[in-house]
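Just need the whole structure built from these sequences, with the hints factored in.
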Amino acid sequence: MATKKATGVAAVRGTRDLWAKDLAAQQHVVSIMQSTCSRYGYAPVQTPMIESTDLYMRSLGTTSDIVSKEMYTFPDNSNNSLTLRPEGTAGVVRSMLSNGLQYAGPHKVSYSGSMFRYERPQRGRYREFQQFGRMRIEYLGSNGPHIDIDVLAMANDVVNALGLDLTLHINTLGCVDSRKAYRSTLTAFLDPLKHELSADSQQR
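So for the sequence shown, the working numbering puts the first residue at 1; every next one is plus one.
Each hint can be trusted.
Within a straight-line C-alpha distance of at most 30 angstroms, the following computed BS3-like cross-link-like pairs (lysine-lysine) qualify:
1. Lys194 / Lys69
2. Lys180 / Lys194
3. Lys180 / Lys108
If you're looking for bench data, these hints aren't it; they were derived computationally from the structure.
Encoded structure:
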């Protein structure tokens, strides 16, 4: 006999319920990522799902698609503007600064949890989704190649642990000086053509 679906309140569009099988699969992936991060010396950190809207406007920029189109933002009862976190990095940096840890580094931390973006739902894309990230926070924000090597090695370990048959292709955008020169050349080329760009592209 067919089971009838109950009528009434449905899940919010772009969200989903996870039952035993799917939840176990998700937890398995997260567990592998967490254990890999731990082996590389990354400590877990947990930040709130809601933050001040200003945090994301500062970190992501007011003209970014995330801030201008995709954030779930609302006033609380005291009329403070709050936002459901659309990504994890800003909250971790905010936590570091709030707790006075910026000069006690370097810090190697990992984070995971639900993120929220008002995007067009489609297969594999939801408005509530899980994100796992890692950050290496240096004294002065160093971003040398050793950090990239760390990330690539960790990602390779995770892929192998999950039994995925993937090939890693490594590219480069050059050093800081070459990227600056490229950006300058590209800007000079595009500037006379900016009137042909969309309003969003011109604003950016």
